[in-house]
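For the protein sequence lines, the chains are A and B, in the order given.
189 is the number that my numbering gives to position 189 of the first sequence; each next residue is one higher, with no gaps.
218 is the number that my numbering gives to position 218 of the second sequence; each next residue is one higher, with no gaps.
Careful, some of the hints might be misleading.
Ranges between beta-carbon positions, derived for each pair [to be verified]:
no., chain 1, residue 1, chain 2, residue 2, range
1, A, Gly199, B, Glu199, 28 to 34 Å
2, B, Arg174, A, Glu93, 38 to 44 Å
3, A, Gly270, B, Leu207, 51 to 57 Å
4, B, Arg88, A, Gly199, 53 to 59 Å
5, B, Thr151, A, His303, 55 to 61 Å
6, B, Gly12, A, Ser20, 55 to 61 Å
7, A, Glu195, B, Gly12, 58 to 64 Å
8, B, Ala227, A, Arg168, 26 to 32 Å
9, B, Gly191, A, Gly199, 26 to 32 Å
10, A, Arg168, B, Arg115, 26 to 32 Å
11, A, Gly199, B, Arg157, 20 to 26 Å
12, A, Asp159, B, Leu108, 47 to 53 Å
13, B, Gly114, A, Asp3, 49 to 55 Å
14, A, His303, B, Gly12, 55 to 61 Å
Honestly, the hints are just simulated from the structure, not real lab data.
Computed from a prediction, not measured in an experiment: that's the story for all the values here.
Even glycine gets a Cβ: it sits at the ideal position worked out from N, Cα and C.
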Amino acid sequence: MTDTRLIHTVGVHALEWLWSHRDGFRLEPDADPEVGLLERFKPVGELALVCEVLFREGVAGARQAQLARQLIDHVWRETLDGGRMLVRGQRTEPLSPIPFEVYLPFRELGYDQPEVERAARLNHRLDSWSAFEGTPTRRLGLSAFQRRFGLTPRPPEADALARTWLARTPEPWTVEGHIAYAVTHTVFHLTDWGENPDGLPPHLADYLALWLPVWIDDWLDLQRWDLLGELLVVDACLPRPTLDERAWTAFAAAQQADGAMPAVHAMPEGDPGEVFDIVYHSTLVAAFASVLASSRALTELAHATPS
Amino acid sequence: MEQSGTSPLLLGTVQDVASGVVSALRGGDHARVADLAAVDGGAHSLVTAAVRVVGADLLLPDVLRGTPPDDAELALFTKAVQAYPPRRDTKPTVAWSHWAMRRTLRRLDAPAPGRPVGEPDGSWLIEADWQFLTQQLAVLAALALPTQDSTVFRVARSRPVDVARGFVRAVRRRDWQQAAGAGRWLTLLPGVPDTLGLEAGLDFVELMGGDDPRVALQVEAARRMRAGAFV
């Protein structure tokens, strides 16, 4: 099992980078209609989800917790203009689930924007929303978010799950990058981003315990740090996480001195805004994997009997 | 035997020899390897070396069917055993593949050259991680035969999940030869996870890598053994 300090340090450094690059979380109010205003909301929502995990798990040090609080405050007040940009996004694309998806973690952290909530409740009543043609994994995520919001999920999560790749437990040798991301997100949604490991049905946990080590081995050797980080999150969601030492050591070594985690291979170079867009996700994932794995490692320590 | 460092000329001959075995496994004739051996001079030693690389699997069709081997083929096989005795410091896979060839001769009631040799040391495999285990087992796929016990077989039998993981790893890396060898072992091991999808997996390996007769040989051997074609 990996040294808990090494795992923890990855997250501390990642959060330092996210804080010092917080201006990268920016919207483009004048975005080309072909791209859409909502395109740049995704990083904000992901940041909120990861900060929420960090507060919830309670394994962050004082500095890390403080940075996370400052970050979440910053993006709510500055990037989202106190939630008003979510309203604007909703009015631009009334049926888009994105403002709701971004809003939910903020709401769970105590932020509030009544108009987004009204839109979510209305959209939830529409057959159009339940007929939304997203990927099966996204559909599962929407149903899970509806439950977390206090609505009855449409479709029910079990139905949404049944359509995912993971639910069918297919041949593990067919997995490639897109499928692997679908698997990781199915696990995130089933476990409420690691909060509820029991949300992962036992037969899926068994399937993942069998084959996840192979996928970790593979994407580690390919130096695809973004996907590897997500797979390390999945490991931390399993009943018996491996906290694979080889993978964590290489993952930590791939992290830059300033805390950035390259998405693949080495750090890209160029315009800071473009670099941010390439590595913010892998750095967020590094923080996410670190906090969940640290939490699981500490739990295991607490359960271990003195020898 | 491992293929690393094999010259292009030898590799081509290995593939010709393996191709002959595949043909025989599929019910075709045996003559091809003997035909190769009929040439003389330098090419003859090349064929002997190729037979040593293919190893015990050269006579797999006869072992599976319980038929006596072709005289010329048997002579070539025996010559390869004699010409390439394992050195004292040889790699475990080389020692084991040599042992497997001698065991095949015993099984076919043919005289084995030199002094009898016991099982080589199997300890290197017991501590191997699943990646190395699978890689080594794939090199020693000729030992994957039902009813023929060995330390290597016992290690494989005790680690079906690890070999299954290695199969997935080999397919992901498009190492079709390793995948085919691992797949052959898996057809014989109890406790292979159902979710592996082994049967379709072997067909996939054949589809993607079957142009190489060394891959086709392992897939065909697995298929024969799965069908219970062992006497």
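Hint check results:
1. Gly199(A) / Glu199(B): 28 to 34 Å: Holds, at about 33 Å.
2. Arg174(B) / Glu93(A): 38 to 44 Å: This hint holds: roughly 42 Å between Cβ atoms.
3. Gly270(A) / Leu207(B): 51 to 57 Å: Once the Cβ atoms are compared, 41 Å apart, the range 51 to 57 Å for Leu207(B) and Gly270(A) is violated.
4. Arg88(B) / Gly199(A): 53 to 59 Å: holds (58 Å)
5. Thr151(B) / His303(A): 55 to 61 Å: violated (37 Å)
6. Gly12(B) / Ser20(A): 55 to 61 Å: holds (59 Å)
7. Glu195(A) / Gly12(B): 58 to 64 Å: Taking Cβ atoms as reference, Glu195(A) and Gly12(B) lie about 59 Å apart, which means the hint holds.
8. Ala227(B) / Arg168(A): 26 to 32 Å: Because 28 Å falls inside the window, the suggested range holds.
9. Gly191(B) / Gly199(A): 26 to 32 Å: holds (29 Å)
10. Arg168(A) / Arg115(B): 26 to 32 Å: The hinted range 26 to 32 Å is violated for Arg168(A) and Arg115(B), with Cβ atoms some 56 Å apart.
11. Gly199(A) / Arg157(B): 20 to 26 Å: 36 Å Cβ-Cβ, so the 20 to 26 Å window is violated.
12. Asp159(A) / Leu108(B): 47 to 53 Å: About 60 Å separates the Cβ atoms of Asp159(A) and Leu108(B), which means 47 to 53 Å is violated.
13. Gly114(B) / Asp3(A): 49 to 55 Å: At 52 Å between Cβs, range holds.
14. His303(A) / Gly12(B): 55 to 61 Å: holds (59 Å)
Hint compliance for this structure: hints 3, 5, 10, 11 and 12 are not met, and every other hint is.
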